[in-house]
Amino acid sequence: MNTLNRRDFGVAVVAALLLPATSARADDMEVHIDNFVFQPPELKIKVGTTVTWTNRDDIPHTVVSAGKFRSKTLDTDDKFSFTFTNAGDYKYFCSLHPHMTGMIKVE
Amino acid sequence: MSGHDHGDDGVSRRKVLECMTWAGTGVLWTVTGGVPRSLGIIDSAQAATAAAPGMTFLQISDSHVGFDKPANPNALGTLEEAVNKINAMPAKPSFMIHTGDITHLSKVAEFDNAERIISQTKLDVHYVPGEHDFIDEEVKLYRERYGRGTKGAGWYSFDAGGVHFIGLVNVVDLKGGGLGNLGAEQLAWLEDDLRGKSKSTPVVLFAHIPLWTVYPEWGWGTEDGGRALEYVKGFGSVTVLNGHIHQVMQKVEGNVTFHTARSTAFPQPAPGAAPSPGPMKVEDARLRSMLGVASVNFKQNEQRLAIIDTPLQG
Chain S
1 MNTLNRRDFG VAVVAALLLP ATSARADDME VHIDNFVFQP PELKIKVGTT VTWTNRDDIP
61 HTVVSAGKFR SKTLDTDDKF SFTFTNAGDY KYFCSLHPHM TGMIKVE
Chain H
1 MSGHDHGDDG VSRRKVLECM TWAGTGVLWT VTGGVPRSLG IIDSAQAATA AAPGMTFLQI
61 SDSHVGFDKP ANPNALGTLE EAVNKINAMP AKPSFMIHTG DITHLSKVAE FDNAERIISQ
121 TKLDVHYVPG EHDFIDEEVK LYRERYGRGT KGAGWYSFDA GGVHFIGLVN VVDLKGGGLG
181 NLGAEQLAWL EDDLRGKSKS TPVVLFAHIP LWTVYPEWGW GTEDGGRALE YVKGFGSVTV
241 LNGHIHQVMQ KVEGNVTFHT ARSTAFPQPA PGAAPSPGPM KVEDARLRSM LGVASVNFKQ
301 NEQRLAIIDT PLQG
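In the order they appear, the protein sequences are chains S and H. Residues in the first sequence are numbered consecutively from 1, following the working numbering. Residues in the second sequence are numbered consecutively from 1, following the working numbering.
Now the stretches of chain H that chain S is said to cover, found in silico as 3 or more residues with beta-carbon under 8 Å:
(1) 60-71
(2) 130-137
(3) 174-180
(4) 213-220
(5) 268-280
Hints are computed from structural coordinates only; laboratory data are not their basis. Computed from a predicted structure; not experimentally measured. Ideal Cβ placement from N, Cα and C applies to all residues, glycine included.
The following block holds chain H by itself, in its conformation from the complex (with noise of 0.2 Å):
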């Protein structure tokens, strides 16, 4: 949990858990001067966004298209939603990142209205596959779709802005009773992909699965987690971006901030306030007054995040 290492400048548990409970649609990310930012939800945030120079980034997460549940029956229209949100932007941002779990079954129609939509926001989508992704028989429609110029099971890394980004897949070859999974060449490509880097390169990784421990018991971590993260020890600015568990969580460790998105589908709870992570149920006014605006806002030299949760309605 990490409702408590935020700083006494910054938000009151109350807050914090408000806000992992929340659904949003997308988090904006900034970067200025190297370090990302979360400016939150896009919607009346994107105003103290347009100004911020640098490059600015989104990330988008847990989909679930085709997810028809009574925790959201509709969950394309809620993407759409988001979708809509960020086209209303007044300032675009240089592209996306989506966290994985873009569709709920990984069948050909979610993955077209997936596409259909997010689409429409015209930007670059960098993704990482989510462990809903790859559960057609065939485990190929990801790939064909987004696994072109990867490595493995859909690894990669890109240059934007300055920042080197590294999205990573932690939802293959899981072992039973374990966590996500990174292993052995994925790890190995990784050390390989940031040798020579200049520790002052600030790097973003990102992927579906925490890769920090957040709830063992929920299963929310990355067995060698640990590992990706000794890779990236002596870099000055790391930030891992991370979904899968439906709701904001953070913290902060040395140089490296670690967050996790919202899902655009349905909330999950809060770790060990339910009795399993499965999707949430609340009423459907509640659902849309649970959508709101996140800013995690990353000060340099003070090495912590503070979250600012508006919620759209009253």
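With the rest of the complex left out, here is chain S (with noise of 0.2 Å):
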């Protein structure tokens, strides 16, 4: 086994408090719901971005994307996240009332 010298193992300390804190802050992306609509309809992210949904209507919705992710029912102010760990495209809907469209592109 490697062993770090001292030094080694302060930076890889450091690197391992801050780097993800503050990547993570960075790249964090909200959708919210709205009048049956998801905003924005389109987002572009990085690989690792942790994406949250928040329905703020009346009424609950889901967030699903077919073979991907799936929320369970998103009552009033209710939230999920989901972290796209590979690039692609994913469309999404809501399975409750299926107009609802959007799409989020992972470079």
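Now that you have both chains on their own, put them together as the hints suggest.
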């Protein structure tokens, strides 16, 4: 096994503490559901980004991308988060109101 | 939009718009000579109903038990008011149909509360599910309660008073960007169910989401609803009863009469009249004044519907 000298170990610890926290904050994205619309309807994000949907309607909604992710039913102010670990285009919709559609483009 | 289809002896445009924004309590149907006629929301119109011969049945819809948002903080209470009106009717209807969204979030307590109130009518109730009745984790609560003896996701048919009733499910397997959905299996069953039936048999189709295209921008229609309507095309009298849009909407096409019932919970806006189809908030006092009597009358030879609305309060 490799061993770290004291200086490298310190650098590694600092990186582990700082990098994930700062990069996650910078990349996290939000989608709001207002008036039966995903807003914004299309997001472009980088791999590793977490997207959080918040339902702000008085009616429950879901966030479903066939074969990729599926939220529980979101009542008013409920949230659903998904972290995109693979590049690609993710079309999604509300399974209760399928005319509601959105897109996440992951690069 | 159907507001222009009522004929010149029917309803003014203003009246139609009014009726479309009312949250009612239930629609009373009577079958005379095999033709269903809606005599409107349970109240004073019942005297006429009591005297009418033939079979009478009720339609209630969209009770959304559990809904407690500003548009109506007590949806269970307004369901109970509807039930009280049903119980006060001078002539007991033969049975009732409920066209879905019994509950708001498919919770056990919501189903239990709905059952506790609706059972006070002491009527047989034939249910079809709305999308709000299928959102429990395991999607089993509706089927445990109302799915017995049904096919697939809960479709079935029965005969009453010489009329053939068909309950359809158009709220499952919905596709992104699409509308309500019946699916190939249910359509095949429907075709088979109607095979061999005399074309003079009056047919009533009921489902949650309108089987006709009311307003696709808000998802108010059924993707393959046209297929179902093809199967009933040759029948002399077809009535299609739906809910989902929380307002009265109707049209007549040939032998087919389409009608949507009000909700017992909250009104929704007329198509395109608001940014979204969500619950329409009105003043408390106005909500009650919006509850009213709606008479929908189908005259067989004229083949058109007339709506007459009378508010319960000035």
